[in-house]
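**Student:** Chain order of the listed sequences is A and B. Residue numbers for the first sequence follow numbering that gives the first Met the number 0, so the first one is 0 and each next one is one higher. Residue numbers for the second sequence follow numbering that gives the first Met the number 0, so the first one is 0 and each next one is one higher.
Honestly, the hints are just simulated from the structure, not real lab data. Certain hints may be false.
Unchecked claim - Under the rule of at most 20 Å between Cα atoms (straight-line distance), these lysine to any residue pairs were calculated in the SDA-like manner:
| id | chain 1 | residue 1 | chain 2 | residue 2 |
| --- | --- | --- | --- | --- |
| 1 | A | Lys181 | A | Glu115 |
| 2 | A | Lys90 | B | Trp178 |
| 3 | A | Lys90 | B | Arg79 |
| 4 | A | Lys90 | B | Ile121 |
| 5 | A | Lys90 | B | Leu303 |
| 6 | A | Lys90 | B | Ala19 |
| 7 | A | Lys90 | B | Ile179 |
| 8 | A | Lys104 | B | Ser177 |
| 9 | A | Lys90 | B | Ile300 |
| 10 | A | Lys212 | A | Leu228 |
| 11 | A | Lys212 | A | Glu227 |
| 12 | A | Lys178 | A | Arg218 |
| 13 | A | Lys90 | B | Arg187 |
| 14 | A | Lys90 | B | Met126 |
| 15 | A | Lys90 | B | Leu301 |
| 16 | A | Lys90 | B | Val304 |
| 17 | A | Lys90 | B | Phe31 |
| 18 | A | Lys90 | A | Lys104 |
| 19 | A | Lys200 | A | Leu165 |
| 20 | A | Lys90 | B | Val294 |
To be verified - Here are the in silico distance ranges between beta carbons for each label pair:
| id | chain 1 | residue 1 | chain 2 | residue 2 | range |
| --- | --- | --- | --- | --- | --- |
| 21 | A | Asn196 | B | Leu201 | 37 to 43 Å |
| 22 | B | Gly309 | A | Glu179 | 37 to 43 Å |
| 23 | B | Ala4 | A | Glu24 | 48 to 54 Å |
| 24 | B | Leu201 | A | Val123 | 47 to 53 Å |
| 25 | A | His14 | B | Gly309 | 55 to 61 Å |
| 26 | B | Val294 | A | Lys90 | 31 to 37 Å |
| 27 | A | Ala108 | B | Val304 | 53 to 59 Å |
| 28 | A | Glu50 | B | Gly309 | 52 to 58 Å |
| 29 | B | Val110 | A | Asp109 | 35 to 41 Å |
| 30 | B | Ala4 | A | Gln183 | 41 to 47 Å |
| 31 | B | Leu91 | A | Thr31 | 53 to 59 Å |
Idealized CB from N, CA, C, for every residue including glycine.
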Amino acid sequence: MRDVDAGYGAVRVLHGVSIEVREGETVALLGTNGNGKSTLIKCIMGMVAPESGEVFLETDGTRVDLTRKSTEEIVSLGIALVPEGRRLFPKLTVEENLLLGAYRKGARADIERNLEFALDTFPVLRGRRGQLAGSMSGGEQQMLAIARALMSSPRILLVDEPSVGLAPILVSRVIGKIKELKEQRQLTVLMAEQNFNQATKIADRGYIIVHGKIEFEGRSTQELRENELVKKYYLGV
Amino acid sequence: MRHTAGTLLVGLAVVAAGIAVAMLRVNPYLYFAGYVILQYVVIATAWNILGGYGGYVNFGTPAFFALGAYTAVVLIQWIRAPLPVLLLAGGLVSALLGLGIGYLTLRLRGVFFSIATLALSIVLQTMIMNWDYVGGSRGLSVLRPSGPPFGNYVVFLFTVMVALAVGAVTVARFIERSWIGRGLSALRDNEEAAECMGVPTLRLKLFATTVSGFLLGVAGAPFPYYVTFVEPNSAFAIDYAVNALAMPMIGGTTSWIGPVIGAVLLGSAQQLATVTISSEMNLFIVGVVLVAFVVLAPEGILGLVRRLRGR
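Turn these sequences into a full structure, and let the hints guide you.
**Tutor:** Here's what the structure looks like:
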């Protein structure tokens with residue numbers, strides 16, 4: 000993503016944002032509410048069109064411009080999203096939710112295998128296959144949202160605020176799961192998060208976004224922890 | 000494949016039973032009433048593809064139905080086209096209207112979509128009222144072709160409607176069990192989430208408005224020959240808007256059988272009331288039953304059955 004300006008109508012949210020995620024990395028996008036994390040993620044998913052700048056995916060030397068692609072096409076390229084606030088289908092069953100994660104044609108072939116994998120990874124979902132997603136607890140819903148994203152066999156996983164609305168113990172469980180999945184399935188992960196301590200537990204490096212600008216790029220979690228902005232925003236120093 | 004073959008067999012059996020009933024030569028009124036009930040099976044099924052599966056509540060059923068009917072009127076006036084042509088043309092023109100409405104209301108969700116479809120019906124009716132070629136607001140007499148393939152013309156139309164109902168239900172059942180149906184249920188439940196998952200929301204919505212429009216148009220195409228006198232107030236009757244919505248709601252919107260149950264029950268009750276009490280009782284019955292269901296059994300008869308079975 001390079002020099003991206005984006006927003007909604009007259010309101011510009013992102014100002015010249017450039018970030019990069021390399022294959023196999025876990026990158027954290029840190030910032031408090033209203034700084035543009037979700038907008039940035041939506042730009043990658045083709046749900047918000049940037050006014051200027053580039054968003055692209057490079058695989059084996061070929062470069063694909065994502066700004067001209069629809070969300071369906073981007074999902075087909077192997078990018079999956081665990082949306083902010085989970086965005087489940089509350090009146091559909093757990094299983095129906097999972098199957099909808101595999102809507103793209105390429106994923107339908109692997110649907111049995113992916114479903115088994117999802118249910119093995121999140122055993123709590125197995126017993127609740129027929130239950131309505133909206134009737135589960137917040138932690139279970141977050142697990143389902145992650146499992147659903149994996150149903151499309153992605154190579155790149157975007158996770159938007161997985162910690163929102165969860166008790167601290169559940170937050171570390173969810174974050175731990177993301178790390179585990181990343182290793183099992185060789186995923187590349189970009190995670191937007193405001194919970195600094197949890198995010199830096201599993202991230203290789205990260206960016207700090209303030210008022211729609213990347214204010215700091217930490218090449219390691221160490222650098223992030225020692226940064227002044229972090230001290231100011233998160234640690235209250 | 001075995002499923003499809005089974006469906007086909009059941010469908011053919013129903014059509015054959017319809018023809019057998021047509022041969023019975025019972026009280027001619029029964030064919031009249033049967034035609035209306037079957038017509039409502041088609042209408043309710045068509046409405047449910049968009050409204051039940053996709054969650055887009057269409058108040059503009061009369062527009063699609065009447066467009067099918069008036070397309071037939073034009074073709075009869077112009078070249079006295081045969082019935083199969085009327086059915087196909089009525090369906091296609093209404094399908095185009097469906098596609099257009101889908102495009103125009105791309106960004107309208109929930110109640111705003113419903114308002115737009117309501118307006119559509121009014122606009123279209125006004126246009127027809129001012130078009131002399133099809134009779135304008137005075138209406139137009141339509142002569143039935145002489146010599147139907149069998150029986151008298153009403154019996155023949157009744158049989159045609161049996162086939163159309165079977166066709167519509169088959170289409171709905173196919174959609175329900177395919178990825179299209181799964182995608183539409185995502186659209187109904189949470190359109191934003193569907194978008195995030197890469198479900199092609201726009202294409203699905205256009206597909207649903209088009210198919211729904213097609214079937215509503217097909218249901219309307221034989222209407223001129225059935226009533227033999229077409230005028231805007233009867234073709235655009237509010238009954239169609241109310242029934243199209245009430246029947247699936249009463250039967251149950253999540254399965255193809257729901258609209259069929261609703262249409263048969265409510266359609267029969269209306270016909271019965273028309274004969275025994277008065278024709279004004281029609282909509283009154285629908286209203287009362289609909290209110291009762293919305294309050295007591297919001298998931299319709301299917302939901303009630305499921306609850307009784309303890310699921």
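**Student:** Look at each hint and say if it fits the structure.
**Tutor:** Hint check:
1. A:Lys181 x A:Glu115: With Cα atoms ~17 Å apart, lysine 181 (chain A) and glutamate 115 (chain A) stay inside 20 Å; holds.
2. A:Lys90 x B:Trp178: holds, 18 Å
3. A:Lys90 x B:Arg79: violated, 50 Å
4. A:Lys90 x B:Ile121: Not OK: lysine 90 (chain A) and isoleucine 121 (chain B) at ~34 Å, beyond 20 Å, violated.
5. A:Lys90 x B:Leu303: holds, 17 Å
6. A:Lys90 x B:Ala19: Distance ~43 Å between lysine 90 (chain A) and alanine 19 (chain B) Cα, so the pair is violated.
7. A:Lys90 x B:Ile179: Status holds; Cα separation ~18 Å.
8. A:Lys104 x B:Ser177: holds, 13 Å
9. A:Lys90 x B:Ile300: Judged against 20 Å, a Cα distance of about 18 Å means the pair holds.
10. A:Lys212 x A:Leu228: holds, 13 Å
11. A:Lys212 x A:Glu227: This hinted pair holds, its Cα atoms lying about 16 Å apart.
12. A:Lys178 x A:Arg218: holds, 19 Å
13. A:Lys90 x B:Arg187: holds, 9 Å
14. A:Lys90 x B:Met126: The hint is violated at about 41 Å.
15. A:Lys90 x B:Leu301: holds, 16 Å
16. A:Lys90 x B:Val304: holds, 19 Å
17. A:Lys90 x B:Phe31: violated, 41 Å
18. A:Lys90 x A:Lys104: violated, 24 Å
19. A:Lys200 x A:Leu165: This hinted pair holds, its Cα atoms lying about 17 Å apart.
20. A:Lys90 x B:Val294: Cα-Cα ~19 Å, so holds.
21. A:Asn196 x B:Leu201: 37 to 43 Å: holds, 41 Å
22. B:Gly309 x A:Glu179: 37 to 43 Å: For glutamate 179 (chain A) against glycine 309 (chain B), whose Cβ atoms are near 38 Å apart, the range 37 to 43 Å holds.
23. B:Ala4 x A:Glu24: 48 to 54 Å: holds, 52 Å
24. B:Leu201 x A:Val123: 47 to 53 Å: violated, 34 Å
25. A:His14 x B:Gly309: 55 to 61 Å: holds, 58 Å
26. B:Val294 x A:Lys90: 31 to 37 Å: Violated, at about 19 Å.
27. A:Ala108 x B:Val304: 53 to 59 Å: 36 Å Cβ-Cβ, so the 53 to 59 Å window is violated.
28. A:Glu50 x B:Gly309: 52 to 58 Å: Roughly 56 Å apart at Cβ, these two residues keep to the hinted range, so it holds.
29. B:Val110 x A:Asp109: 35 to 41 Å: holds, 39 Å
30. B:Ala4 x A:Gln183: 41 to 47 Å: holds, 42 Å
31. B:Leu91 x A:Thr31: 53 to 59 Å: holds, 55 Å
In summary, the structure is inconsistent with hints 3, 4, 6, 14, 17, 18, 24, 26 and 27 from the numbered list given earlier, while agreeing with the others.
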